[in-house]
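Residue numbers (the working numbering), protein chains in the order written: chain A, 1 to 313; chain B, 1001 to 1535.
Hint data in this document are derived by calculation from the structure and do not stem from the laboratory.
Chain B stretches covered by chain A per the calculated footprint, using a threshold of three residues with CB under 8 Å from any CB of chain A:
1. 1038-1049
2. 1253-1259
3. 1413-1421
DSS-like, lysine-lysine: derived pairs with alpha carbons at most 27 Å apart:
4. B/Lys1147 - B/Lys1093
5. B/Lys1457 - A/Lys54
6. A/Lys54 - B/Lys1422
7. A/Lys158 - B/Lys1534
8. A/Lys54 - B/Lys1178
All C-beta atoms, glycine included, are put in the ideal place defined by N, C-alpha and C.
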Amino acid sequence: MAAYILHRLVWTVVVMVMVGIFVFLLLRLAPGDPAAILAGDSATPQMIDGIREKLGFNDPLPVQFVHWALGILLGDFGTSIFTGRPVLELISQRLEPTISLTILTMIVSVTIGVSFGVFAAWRSGGLIDRVLSAFATLGFSVPVFVVGYFLIYLFAIKSQWLPVQGYQSAGHGLGPWILRLILPTLTLSLPYIAFIARIARASMLEVLSEDYMRTAAAKGASSFSMLFHHALKNAGVPILTVIGISFTSLIGGVVITETVFNIPGVGRLVVDAINNRDYPIIQGMLILVSGLYVVVNLAVDLAYILVDPRIRY
Amino acid sequence: MRISRRDLVKTGLAAGVAVSIPRVLRAQTASTAARTVRMVMGSGDLRVFDPIYTTATITNHHGAAIYDTLFSLDSKLMPQPQMVQKWRVSDDKKTYTFELRDGLGWHDGSPVTAADCVASIRRWGQVASGGQLILERAKDISKMDDKTFTIALKEPLGLLIDILATPLSSCPYMMREKDAKRPATEQVTANIGSGPFKFNEALARPGASFSYDRNEKYVPRKEPSDGLAGAKIVNVDRVIWENIADEQTAFAALQAGEIDFLGAPPVDFYSAVEGDPNLNLQVLDKTGSNVYVRLNFLQKPFDNVKARQAMLHLIDQEAFVRVMSPNPKYGRTVTSVFGNDTLYSNDENTGWYRKGGDPEKARQLFKEAGYAGEKIVILQPTNIAFLSHASQLLAAELRKIGVNAELAPSDWGGVVTRRANKGPIESGGWNIFITSGSGYSQGDPIGNVFFLANGDKAWVGWPKSDEFEALRTKWADVDALETRKALARKMQNVWWDFVGSVMLGQTFWPIARRKNLTGLIGMPSVIPMWNMQKA
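In isolation and in its complexed conformation, chain B is listed as follows (with noise of 0.2 Å):
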């Protein structure tokens, strides 16, 4: 056959006709607009809108976009005002008068009023640990006029402005008062907030991406910005949440520009990050997680003081951090019960502590408790790598000392159900369950449940200490930092020597993003998305 020149000239036009054709496609759907940013948030898809219905993370970020706080922290974790323009507390310490400022509206165009605020840290109150508080103290919470409230307490309550700051899950988001009138069993699914950000219904995708607008009516605060506290301005039109499942292919986005943020990648992803030119890796919350152990207090052997006293001494901070966290610059040991770098953090009892552990101190201290080779189980979450690394390094750590650990692997889902049993290891039950929680919260011995020691009322693994429960209960009546400081010294020294949990390490995971994406704040339990920008 033969081919001539027309021929060829014909083919090779075909040809690049209908190699270009895709890119022509792709440049023709691709996000052009700069003022749109696609991130995947790393928490998982949005499935629940309500932030007092639940406490997960993807739904606290959802809240901070489109809700707005009475108080919110700063930069240096301290109480600002937010929607709250002023506020005054009696001489005795039992009222305080809280005035809402001018010009804060729903994103329906009606006002927001005190009665709304009302309503709100009422159904708040009914979930949150440090809103619990406020109610049981609480004498009286109503409103004066359309922009001003009070709390009247039957006896002060120095951690007040605190609990309402917190960005902790769950978060006291305002809402509408005919929302916030459901009870918090109940889910409210109006998405009406009276933040920066709106939520656009017509653009959700369940399952694939959710779209937020710019809330134009929104005035932010005169201060400047400073963590979660002062002006809170969009310089983006839209921001768009894509749920890809797949840590690879949503890595595979990011390089190609299709997405603009990735919310925790994979460890193993951090050297392909920094060897592109277009990526960074940014460590946003920068009291990172501390990855701690629960103990079954109600379960031999750790109902024995000795046997958690063992496995203090037993872990090696340092190899934990290793598995968990492999790059160095992610990873660090922490002694602390508050935690590193917190307000809090200290030094107290801390003479366990031993680069290495103390394996041989270990094996002692469960020869002591009478240990017997009991079945010890650990569960094992399989599908979070460090949890499931750190479950693993610790079966093989008691396993050294002569202790008879198995592991129970199972997805999440099934860890959070099994380790709500309290029975025994033949009905279901079990010893060990490794978790983790921000480091922030770890400031926190209202809000979080990590610190409770109320035995069956406790979180899992239902730690009792009654001498440690009755210094957490002053901690609300403190106001002065001071006074706080001292008094974690007491709870820290009381928490080493009964063993509530034990800690593995603190880890950062770093967000990955492209370089023209700038300005994110970095502030633990949220992702703010004012105040970023798009190049």
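The following block holds chain A by itself, in its conformation from the complex (with noise of 0.2 Å):
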């Protein structure tokens, strides 16, 4: 098990330098001069060459790309820049929002996708499993923004029961927190609660057919103890590997839900780097994304150890 843990996290620091490589590589090659946009429209090109020579963008791919590493080897991932701040700094400030909404959202979603898969499998073929069936594919086909424009319009202009956009640090109260929250998770639960419950449905129905569910039900469990306690556990294998890369997804891919209720999160961030080609913080978000990426997957492949004990690394 320790030898298996090691070997991975070997492989997560490989990993992890050829994502640096890429993107390194990848944002040099792509069209777009940090300076001419720092500088503004109406700059000289003196301007524009002077913000170029004291950022380091003439000096030669390889001194950069060095420059670069060696920061990051010694824990620094550089300035941004356009702020000139630290972009570790720039991106634990964004973490609150973005960690906020992806651990509701997941909290959301896993509750209600588990649930609506194990009634729509103990359903199978009914009203139930129909009804929710029809509700994971709608989740699944609407765009995540038509839904927040609906609930901002619903929720936040018609009823005036919600803040339309914006976000209050759990530091300033739970009240706003979570009232700023609510829109948002409830758009972005969506399509995860369609997907957890499909894997959910298809998982249940396996291990429903099981014989020993036949044994269970012909020794008189419960209905809920069938379902909870003995065909639950045995169909979570699945369930916690759609959980893992949803969490993961969710961390990287929160941008637009973050950019229609105006989180200041870290998909914002990073759009926004996108557009002004603030190098420094694109390659600072790749790379601590990729390091979760290969962290999330880890510890779910050992959770499966506690799902399933068959299984050993």
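Bring the two chains, given one by one in their own frames, into a single complex with the hints.
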């Protein structure tokens, strides 16, 4: 087990080095000069040249890469070209909104998604199953921004129950914090509820047809006990996998929801950085997100052992 | 199952409480302070705080809030003293002496001195074209005492006061000497000015919002507010700039009263604003902005004047105005190189203008230019709607007369990089690039890079006309308005012959605001926050 974890961690480093090289080259090959954007539209070529020189963009690519890579090894992700602030500081400022939104979305999605999946499997072919399947299809099909705008119209403009946009730190009180996260969480949860519900249903259907479930029923186990004690645990591995995938994709993919609800999270940070060609931020975020992907996948793999004792590494 | 009346009442009460919780919370968290104004400036997020380091519009707004200027434009676009109390020019017109007014102080509590102003002019002069002209002509810029400084020139510069009063980026904002001593290529991040607002560092949320508090110690001028000149009276305690990237969300926030001001809402929202009894559209910058085509003088076919003249005849400005600003209230044609309604607008050599354009004449001129079907690349910024639409229309118009036009779509970041490429198409170059500029700046041949016609050293497109450049150089020496108007006619005559750029029309970008926000000052280039009130 320890050897397995060590092996995976070594591969994490290899993956991140490859991601680093790829990202660095990709950004430098893509069109877009941060100095020109930074200087503004009516800047003179002399202004732009001065900024390029100051930022080190006139150095050869290998020199730029070595500077950046050495910085990363020393824990320095560089400074934003535009704000002049350290990249890690900028990212950490944006983490709270994204993590808040991600965790709330995961709680809502897993709770509702697994419940929907279990009940749909339990009433397979019946009305509940069909209604929940239709909901799952809808959740997948409707784009996030459409749901977002619809909820804003309904709950913020028409009924004026909830704010349209913005984020309040949990440090300023739980009320304002949760209030501003209700609509984004609902918006973002919809596709994940659908995703988790579909996997949970399929997995549960397979388990419910097993012999030991018939045996449990014959021994007089209640429906609740059969579903949640016997079946759900055995159907857990695929559900855990999909939760892991959902979590990592949420961290990196909340961009649209953050934009629609004006939440200053890491997604917005990266989109703004891409528009401005703020290389250090884009590079730093991609390295961190890649690392997170690998770590979460490792955690999910290890969690399989808890759900299914037959699994050994 | 039976439901008792008591259960029903309890359920009803619980439901009522549940439903009202969000309203209560919202009421607690909403900005109820009438003296706080929330604005979405409509010029992107504020990332660079130094208005000398960048020419970005949002940074110019930031500069106008926290810094002050020696001179400012009044509502008639004439320069008036602002930080300066008195000024005089020597009889030989070579020495300007400026005396600062009483009560000027930096936000850190220290007084504004002449040494601060001297250092600020020197730093600004490194980057701004007007400032560069002053530094070129200056024999000496130095302080005489704490409140007085002089600019001694090698030869007269009739435009000096106008240059110091420009509201355009890079605007000559006065900074502390220790900030202004930095090279212009290094950002000043201190945000300490002497203006009517103080930047609130503690409330700064990069990417989300920035706050500006009233500078309680600011001493306004005695004269009434007039344009950017006169008394800068702040009637609110705090102004918060919210950065809402999504236009739909920003508009919803305006409707819901979460923000009070939305700069440059999309054209699609105009009717919705007009239909909302709580909202108003208002054109603040009555000089609007001119949209124009830059042709690459270094590459075929536009290295040939006939091909450039063909473009002049091809463009149907009314059609372009319709796609850029479909509401006729907010767009019109423009035939003067000095724009509409500037001091120097005129009708010299505008015989080329014809309603609907003249495609046949354009086709003929392309032929005379020896155009043989080469690919013509138009840079298309897909994330700026009106420029993207104009690019598409121009491509279609060119194709109609047999020109092999090809759009090169990318975001604005990609366009600003590629437009700097002087090479041929095969090496990533370009032929046509569309952009826009402040209508006010169209009356400023010295400060506006649009007017440079010195080939390689000019702004993108690199137009070249020695005759025009000779006339443009004279501009700085002329101080009488009538003489400048006559010079403007000559310059325009030359410009439309060699076709330095081609106009597509003039557009106005109204702001949307809640009706209880009043007193907004309508001027070009900056959105001042003094004078406004919130009921």
